[in-house]
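Asker: Now for the letters of each chain:
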Amino acid sequence: MTFQRYLPSLTALLIFLISTAFIKGVEEYDEDLIEVTTAVFKSEKFHVVVLKRQNQRISAKYFAATDPYNNKTVPERFQLWKKGKNIIAVSSGTYMTTCSPQTAKPAGLCIDNGVIVNNSIDSRLGGLIIVNQKGDIKATKISDGNLSIPGNNKAIDIKNSFDRNTFINWAKNNDATVFQSHLLAYDDLLNISPCNNTQQSCAKKASRRFLIAGTDENNERINVIIHSPSETTLYDGAVKVFRFLKEYKEMKSIHFMINLDTGCQDVFNLYYTDGSKANNLKGTLHENDAVNLLVFHYE
Amino acid sequence: MKKWIIPVIITLLTVIAIGVFLSYYLHRNDQNDYRQVQRFYNSSTISADSIVQKIRNKNSYENFPYRLIAENISLSNIEKQQELLKYVQYSDSLIDNNFQELIFIALSDTLKKVYEQSIDLNDLNTLLSLTNEVSGLYPMTLANQKNKIFYQALFDYWLQRIIQNLEHIAQSHYWSKYTFEYKYISTVCEQYNYNPSTGLSSAEKVLDNFADNRYSYLFNRFVLQTTLLQKTILFIILTFVTSCVLFTIYTLLKSGKS
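Protein chains in written order, with our numbering: chain A, 2 to 300; chain B, 6 to 263.
No lab work stands behind these hints, which were simulated from the structure alone. These figures come from a predicted structure and were not determined experimentally. Treat the hints with care, as some may be off.
What the hints assert, rightly or not - The calculated lysine-lysine pairs, modelled on BS3-like cross-linking and capped at a C-alpha distance of 27 Å, are:
(1) Lys86/A <-> Lys283/A
(2) Lys205/A <-> Lys153/B
(3) Lys210/B <-> Lys283/A
(4) Lys84/A <-> Lys283/A
(5) Lys206/A <-> Lys210/B
(6) Lys46/A <-> Lys236/B
(7) Lys83/A <-> Lys142/A
(8) Lys160/A <-> Lys117/B
(9) Lys160/A <-> Lys62/A
(10) Lys135/A <-> Lys86/A
(11) Lys283/A <-> Lys236/B
(12) Lys153/B <-> Lys206/A
(13) Lys62/A <-> Lys253/A
(14) Lys206/A <-> Lys236/B
(15) Lys205/A <-> Lys142/A
(16) Lys84/A <-> Lys173/A
(17) Lys283/A <-> Lys160/A
(18) Lys53/A <-> Lys84/A
(19) Lys160/A <-> Lys236/B
(20) Lys160/A <-> Lys188/B
(21) Lys53/A <-> Lys73/A
(22) Lys155/A <-> Lys173/A
(23) Lys205/A <-> Lys182/B
(24) Lys153/B <-> Lys173/A
(25) Lys253/A <-> Lys142/A
(26) Lys155/A <-> Lys153/B
(27) Lys160/A <-> Lys182/B
(28) Lys46/A <-> Lys253/A
(29) Lys210/B <-> Lys155/A
(30) Lys73/A <-> Lys236/B
(31) Lys205/A <-> Lys117/B
To be verified - What the simulated footprint calls covered on chain A by chain B, stretch by stretch (three residues with Cβ under 8 Å from a Cβ of chain B suffice, anywhere in the stretch; the number is not a length):
(32) 93 to 102
(33) 246 to 260
(34) 281 to 294
Said to hold, decoys possible - Sample of chain B residues at the chain A side, in silico, Cβ under 10 Å:
(35) Glu138
(36) Glu172
(37) Lys210
Ideal Cβ positions, reconstructed from N, Cα and C, are used throughout, including at glycine.
Take these sequences, add in the hints, and give me the full structure.
Answerer: This is how it looks when you write it as structure tokens:
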């Protein structure tokens with residue numbers, strides 16, 4: 002009789018425990034696929050997040066702008082999208098035209114999930130980055146003019162208006178996500194020149210954050226996010242990080258290295274396996290203030 | 006009247022007639038397409054079909070009168086654009102789709118020459134007129150037709166040039182981006198999702214952040230981006246200013262009591 006009286010409560014407790022365990026299980030990701038370290042190389046400090054991509058469990062997603070259909074901002078879109086997903090890291094992506102979140106637009110050609118955000122090519126940004134439906138990130142060097150898209154035999158030169166429209170129409174029809182950034186290294190070579198003019202923005206010193214794609218010493222595909230806290234110019238920062246990756250991390254190849262904006266919208270968060278945020282490695286702005294977000298998640 | 010005058014006049018007239026006939030005949034082939042296209046743009050009596058048929062028969066795509074079209078075309082003249090579209094559609098049936106691209110390249114290159122020789126694209130007023138002109142192409146880029154990519158590319162080509170020049174103007178004349186013309190052009194371009202990117206100076210970034218009440222961000226940036234010496238100098242200045250203010254208040258209160 003006593004047992005029967007407590008049966009509903011015990012059942013409820015059991016369901017609660019099971020559901021809690023289930024929720025916790027959803028938030029976890031495989032720790033072996035992520036490596037977070039802090040290293041000092043030639044008296045420079047680097048915070049390094051290595052994401053192993055060989056078994057396609059880690060994917061990328063880019064939010065470029067407010068959704069034109071429902072007016073949800075980037076942070077709102079991210080909060081909705083991330084439900085039920087294991088987030089590993091979030092970072093601000095490309096540069097914006099202003100610092101104000103209300104008016105800021107991504108600099109350079111930008112397409113968000115097939116929706117045009119910015120049609121204009123920014124000639125100062127040499128890399129065109131494509132985040133495909135599988136969550137892979139690919140970069141092409143715009144000056145090479147040899148972008149290939151499925152179903153088009155001819156190489157596309159994005160600088161040519163006719164080709165660019167062919168590409169944009171393809172991106173629209175295939176819900177592609179595209180943005181531009183500084184292409185600092187490409188095909189295992191540095192792709193940046195020293196700044197000659199001390200008045201230009203290239204001479205400005207700031208802490209830097211880079212995204213790299215390549216293969217590690219075991220020839221396995223990786224993405225690396227490197228945060229360099231010391232104040233450097235873009236050129237100096239890129240050269241130091243390139244050397245660090247080649248000499249210290251012994252990366253076999255660097256497919257590309259792009260800059261992630263740490264200017265007006267310095268957003269970065271690293272999530273632990275239990276879903277909590279790392280306090281020792283983060284940007285100066287909260288995710289809710291983000292104007293665009295590059296997200297790495299585990300599936 | 007002398008007897009030889011009449012034969013001489015007849016001979017001269019004959020020579021002139023032969024000369025006129027020969028020059029007409031020799032130049033007819035060159036002029037024909039040219040004039041037909043000119044008439045095509047000036048009236049509705051000549052059909053696009055006849056011109057295309059003519060080119061098809063001659064099989065001479067290299068004679069396509071790009072320059073004439075470029076010079077006669079007004080970017081904002083939708084009617085002419087539609088006629089040109091018809092022409093392009095027919096032309097497509099002649100050879101592969103690359104012909105569209107050839108026409109686009111030829112048109113944009115020729116228009117570039119025509120515009121850049123005659124106007125200064127680094128002048129904001131001229132750029133504003135061109136922006137209004139190019140806006141006229143926009144409806145054609147939306148039309149649901151096979152060749153809309155031709156118009157999209159042409160529209161894109163000109164807006165891209167406007168954006169580039171706008172950015173160049175803003176970089177060479179800093180204050181120009183606060184003028185009405187600049188703001189108007191950039192607003193029109195943004196309407197079509199072409200966003201000029203002129204970069205921001207440090208002062209503009211600070212003002213932007215102040216306007217958005219992002220004080221903690223500004224404080225963080227200050228802490229991160231200044232040297233120890235700069236921080237010390239600022240601390241000394243702030244201490245001095247605070248002391249002055251406090252001393253003034255104290256003095257005022259004291260004088261008020263007495």
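Asker: A separate judgement is required for each hint: does it hold in the structure or not?
Answerer: Hint check results:
1. Between Lys86/A and Lys283/A the CA atoms are separated by roughly 20 Å; this keeps the pair inside 27 Å, and the hint holds.
2. Proposed proximity of Lys205/A and Lys153/B is contradicted: the alpha carbons are some 43 Å apart, above 27 Å.
3. Distance hint between Lys210/B and Lys283/A is fulfilled; the C-alpha atoms sit about 21 Å from each other, no more than 27 Å.
4. A threshold of 27 Å between alpha carbons decides the hint, and for Lys84/A with Lys283/A the separation of about 21 Å falls inside it, so the pair holds.
5. Annotation: proposed proximity of Lys206/A to Lys210/B holds, straight-line Cα distance about 15 Å (limit 27 Å).
6. About 22 Å separates the Cα atoms of Lys46/A and Lys236/B, which keeps this hinted pair within 27 Å; it holds.
7. This hinted pair does not check out: Lys83/A and Lys142/A have alpha carbons roughly 31 Å apart, beyond 27 Å.
8. Distance restraint check for Lys160/A and Lys117/B: the Cα-Cα separation of roughly 16 Å lies within the 27 Å cut-off, and the hinted pair is therefore satisfied.
9. For the given pair, Lys160/A sits about 26 Å from Lys62/A by alpha-carbon distance, which is consistent with the 27 Å threshold.
10. The suggested pairing of Lys135/A with Lys86/A holds, with an alpha-carbon distance near 15 Å, which does not exceed 27 Å.
11. Distance check on the hinted pair: Lys283/A and Lys236/B sit about 23 Å apart at the alpha-carbon level, within 27 Å; holds.
12. Between Lys153/B and Lys206/A the alpha-carbon distance is near 46 Å, which puts this suggested pair outside the 27 Å criterion.
13. A C-alpha spacing of about 26 Å is found between Lys62/A and Lys253/A, which places the hinted pair at or below 27 Å, so the restraint holds.
14. Under the criterion of a C-alpha separation no larger than 27 Å, the hint pairing Lys206/A with Lys236/B is consistent with the structure, at around 17 Å.
15. Between Lys205/A and Lys142/A the CA atoms are separated by roughly 24 Å; this keeps the pair inside 27 Å, and the hint holds.
16. Note on Lys84/A and Lys173/A: the hinted pairing holds, with a Cα-Cα distance of about 26 Å set against a maximum of 27 Å.
17. Taking the CA atoms of Lys283/A and Lys160/A, the gap is about 36 Å. The hint is violated against a cut of 27 Å.
18. This hinted pair checks out: Lys53/A and Lys84/A have alpha carbons roughly 23 Å apart, not beyond 27 Å.
19. Restraint check: the Cα-Cα separation between Lys160/A and Lys236/B comes to about 46 Å, which exceeds 27 Å; the hinted pair is violated.
20. Pair hint Lys160/A plus Lys188/B holds up; C-alpha atoms about 26 Å apart against a cutoff of 27 Å.
21. Annotation: proposed proximity of Lys53/A to Lys73/A is violated, straight-line Cα distance about 32 Å (limit 27 Å).
22. Between Lys155/A and Lys173/A, the direct Cα distance comes to roughly 19 Å. Compliance with the 27 Å bound is thereby established for this hinted pair.
23. A C-alpha spacing of about 22 Å is found between Lys205/A and Lys182/B, which places the hinted pair at or below 27 Å, so the restraint holds.
24. With a CA separation close to 15 Å, the supplied pair Lys153/B and Lys173/A stays within the 27 Å bound.
25. Restraint check for Lys253/A and Lys142/A: satisfied, since their Cα atoms lie roughly 20 Å apart, inside the 27 Å limit.
26. Distance check on the hinted pair: Lys155/A and Lys153/B sit about 19 Å apart at the alpha-carbon level, within 27 Å; holds.
27. Taking the CA atoms of Lys160/A and Lys182/B, the gap is near 25 Å; set against the 27 Å cutoff, the hint holds.
28. Restraint check: the Cα-Cα separation between Lys46/A and Lys253/A comes to about 22 Å, which is no more than 27 Å; the hinted pair holds.
29. Restraint check for Lys210/B and Lys155/A: not satisfied, since their Cα atoms lie roughly 42 Å apart, outside the 27 Å limit.
30. As the CA atoms of Lys73/A and Lys236/B are separated by approximately 40 Å, the hinted pair breaks the 27 Å bound.
31. Straight-line distance between C-alpha atoms of Lys205/A and Lys117/B comes to about 36 Å, which puts the hinted pair past the 27 Å bound.
32. Beta-carbon proximity to chain B at under 8 Å applies to 6 residues in the region 93 to 102 of chain A; the threshold of 3 is reached and the given coverage holds.
33. Proximity of the region 246 to 260 of chain A to chain B, defined as three or more residues with a beta carbon under 8 Å from a beta carbon of that chain, is not established by the 0 residues found.
34. With a threshold of 8 Å between beta carbons, the proposed coverage of the region 281 to 294 of chain A by chain B holds, since 3 of its residues qualify and at least three are required.
35. With 10 Å as the threshold, the beta carbon of Glu138/B stays out of range of chain A, its nearest partner Cβ sitting at about 17 Å, so the hint is violated.
36. With a least beta-carbon distance of about 9 Å to chain A, the hint placing Glu172/B at the interface is held under the 10 Å criterion.
37. The interface hint given for Lys210/B holds, since its Cβ lies 5 Å from the closest Cβ of chain A, which is under the 10 Å cut-off.
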